[in-house]
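Read off the chains here:
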Amino acid sequence: MPRAPLERETDLEPTDEMLMTRVAEGDLEALRTLYERYRERLFGFLWRATGRPDVADDLVQETFLRVVSRGGTWRPDGALRPWIFQIARSVLADRFRGRESRTASLEAVSDPVAPTEDPGERVDRERRAARLRRALDRLSVEDRHALVLSRYEGMRYAEIGRVLGCTEGAVKVRIHRALKRLRDHYVDTIGGEGERCTSNG
Amino acid sequence: MHLERLTLVDLVTGTVPRSDVVQDHLATCETCRLELATLEETWEALGAIEAPAPSTPWQTAFRDLLDALEKPAPGPRRWRPGRRVLRVAAVLAAVVLGGVLARAMVSGGDEEAFATTVVEDATAVVLRVGRGDVRVEAHAASFARIEAFAAGAAEPVPPTVVSEVGRVVVEHAGRPPVRLVVWVPRRAEVDLRLERGRVELAGPGGPTLVRVERGDVTGDLRPSLDEPVTVSTGVGDIDVAVPPDTRADILLLCPRGTVRTDFRLHAGGGSLNGGGAPLELLASDGNCTLRKS
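Read top to bottom, the protein sequences are chains A and B.
Take 1 as the starting number for the first sequence in my numbering and just add one per residue.
Take 1 as the starting number for the second sequence in my numbering and just add one per residue.
Hints were generated in silico from the structure; no laboratory data involved.
In this text, all values refer to a predicted model and were calculated from it rather than measured experimentally.
Do not take every clue at face value.
[Stated by the list, open to error] Partial selection, computed: residues in chain B whose CB lies under 7 Å from chain A:
#1 H2
#2 L3
#3 R5
#4 A68
#5 P278
[As the list claims (entries may be wrong)] Some, not all, of what chain B presents toward chain A, calculated at C-beta under 7 Å:
#6 L6
#7 V9
#8 G14
#9 Q23
#10 L26
#11 C29
#12 A37
#13 L46
#14 A51
#15 P54
#16 S163
#17 L209
[Said to hold, decoys possible] FRET-style restraints, in silico, Cβ to Cβ:
#18 A:A158 - B:H139: 46 to 56 Å
#19 B:L34 - A:D124: 19 to 29 Å
#20 A:D94 - B:D20: 44 to 54 Å
#21 A:C166 - B:S142: 24 to 34 Å
#22 B:A277 - A:C166: 25 to 35 Å
#23 A:D77 - B:D121: 25 to 35 Å
#24 A:D94 - B:T38: 29 to 39 Å
#25 B:A277 - A:R138: 40 to 50 Å
#26 A:E40 - B:E40: 23 to 33 Å
#27 A:E40 - B:T258: 37 to 47 Å
#28 B:E155 - A:E40: 43 to 53 Å
Backbone N, C-alpha and C define an ideal beta-carbon position, used for all residues, glycine too.
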């Protein structure tokens, strides 16, 4: 028996796509692994979309319910990540159809805080984050999702294009527009305070 | 002539590195330099929006998900684990096995092994077996010993054993089915995948991963405080024992079966004796029993 193929097989973690194929066949362990891999990422995306951890938690579960129920339509030759985020977007759209999609501002949410952080710095950081969130809220859904998937998920343009149903070029245009408008909105939110949009203060 | 906005986006997102041409242009064009700096500043500022961690522990959330999957719901939601596995296994059982394997005992007994391999200083034992029964027996020595017994009348085929730097890989396609008794050092890592057959565990205490597609897992484990243990079956029961003073974070999942335990745990698991490494029993289509040894 040749050594190399066996070692490759035993050393490598299954890809997301392999796991999804097994999930479609009813494999509980594969579902568990996929859930572990995607839960926090979907939570982050959905929290940034809703501003509420409880709603994001709920939507993550709904997304996975759909992932399982649509397992029969999964095509193993595709990439899983865009497929799952496409489903998450669809869950989000269904939940907030006909309603204002943002239900809470960032002020209502406690961010993780470094234990050594100075209280004053913490207040500044939270204030800055809240303003950015409000600015992000004012973007169109498509622009916001393009930016969030690129900035926080590290997705490539082609993947984002599959999630949003548009070309790579259109994704870049959306990201560019989102950044420009985000900047403008952010400046609006700080009004005359003279604060600049910077990462460190 | 300025940089195109799509080029600026590539630079901001780090999709392409700054070429000499771009650098030269930025050095001489203040408009593009400022435009890029503004976009980068905004991009970096987004780092201030940190997502909180989900409030529910993932194991609890996963159990909730399984509950929801099992609830009758309109449309195609209901999930039926292992349907395809069952179909395939039924055909294979009729054509290939003829029921010989299921009645065989896992232990070697007085029968003589037709193939034996010993590997000194084994730290990890990986087993990939098609059809057969496997007993994993932990011992205090540092070697691994692999004994193969014929499971039926057919001409037996020995397993392939490859070892490298303490890692032992045992492979047997299961044609014809085989019975393996594998002695492993107490704290060695065990990674066992079996398509069809039974697994008997006798005291492994290292990182342990056992996956059986169709068949039962029985025996006892001695989990250490910091080594994870996962035992899972596609179609089959799990019935294992651990010492009463085991410290572990237990997860017991069998959405189509029954959980039984004589430990003080919730149905889905929980912390045992203050908690420790994960100890997970997952039966997609079967029962889970966790006993005190």
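Checked hints:
Because the closest C-beta pair between B:H2 and chain A is about 13 Å apart, greater than 7 Å, the hint is violated. Here the hint on B:L3 is broken, as its CB sits about 11 Å from the closest CB of chain A, past 7 Å. Hint status for B:R5: holds, given a least beta-carbon distance of 5 Å to chain A, under 7 Å. Here the hint on B:A68 is kept, as its CB sits about 6 Å from the closest CB of chain A, short of 7 Å.
For B:P278, the interface hint is violated, since its Cβ never comes within 7 Å of a Cβ in chain A; the closest pair sits about 11 Å apart. The criterion of a C-beta within 7 Å of any C-beta in chain A is met by B:L6, whose closest approach is roughly 5 Å, and the hint holds. Annotation: B:V9 was flagged as interfacial toward chain A, and the flag holds, the nearest CB pair being 5 Å apart, inside 7 Å. Hint on B:G14 is violated. Least Cβ distance to chain A is approximately 9 Å, over the 7 Å limit.
Of the supplied interface hints, the one on B:Q23 is violated, with its beta-carbon coming no nearer than about 20 Å to a beta-carbon of chain A, more than 7 Å. At its closest, the beta carbon of B:L26 sits 17 Å from a beta carbon of chain A; the interface hint therefore is violated under the 7 Å criterion. The beta carbon of B:C29 comes no nearer than 18 Å to any beta carbon in chain A, farther than 7 Å, and the hint placing it at the interface is violated. Evaluation of the B:A37 hint against chain A yields a violated restraint, the C-beta minimum of about 11 Å exceeding 7 Å.
Interface restraint check for B:L46: the shortest CB-CB distance to chain A comes to about 5 Å, inside 7 Å, so the restraint holds. Using the Cβ-Cβ criterion of 7 Å, the hint placing B:A51 at the interface with chain A is satisfied: the shortest such distance is roughly 4 Å. Proximity of B:P54 to chain A holds as hinted, the smallest CB-CB distance being about 5 Å (cut-off 7 Å). At its closest, the beta carbon of B:S163 sits 10 Å from a beta carbon of chain A; the interface hint therefore is violated under the 7 Å criterion.
For B:L209, the interface hint is violated, the least distance from its beta-carbon to any beta-carbon of chain A being 10 Å, above 7 Å. In this structure the supplied range 46 to 56 Å holds for A:A158 paired with B:H139, their Cβ-Cβ distance being about 53 Å. Checked against the hint of 19 to 29 Å, the pair B:L34 and A:D124 passes, with Cβ atoms roughly 26 Å apart. Evaluation of the 44 to 54 Å hint for A:D94 and B:D20 yields a pass: the beta carbon distance comes to about 49 Å.
Between A:C166 and B:S142, the C-beta spacing of about 59 Å breaks the proposed range 24 to 34 Å. At about 45 Å, the CB distance of B:A277 to A:C166 disagrees with the hint of 25 to 35 Å. Between A:D77 and B:D121 the C-beta distance comes to about 43 Å, which lies outside the given range of 25 to 35 Å. Between A:D94 and B:T38, the C-beta spacing of about 36 Å keeps the proposed range 29 to 39 Å intact.
At roughly 47 Å, the beta-carbon separation of B:A277 and A:R138 lies within the given 40 to 50 Å, and the hint holds. Distance hint check: the CB atoms of A:E40 and B:E40 are about 27 Å apart, consistent with the given range 23 to 33 Å. A C-beta distance of roughly 31 Å is found between A:E40 and B:T258, which places it outside the suggested range of 37 to 47 Å. Taking the beta carbon of each, B:E155 and A:E40 are about 52 Å apart, inside 43 to 53 Å as hinted.
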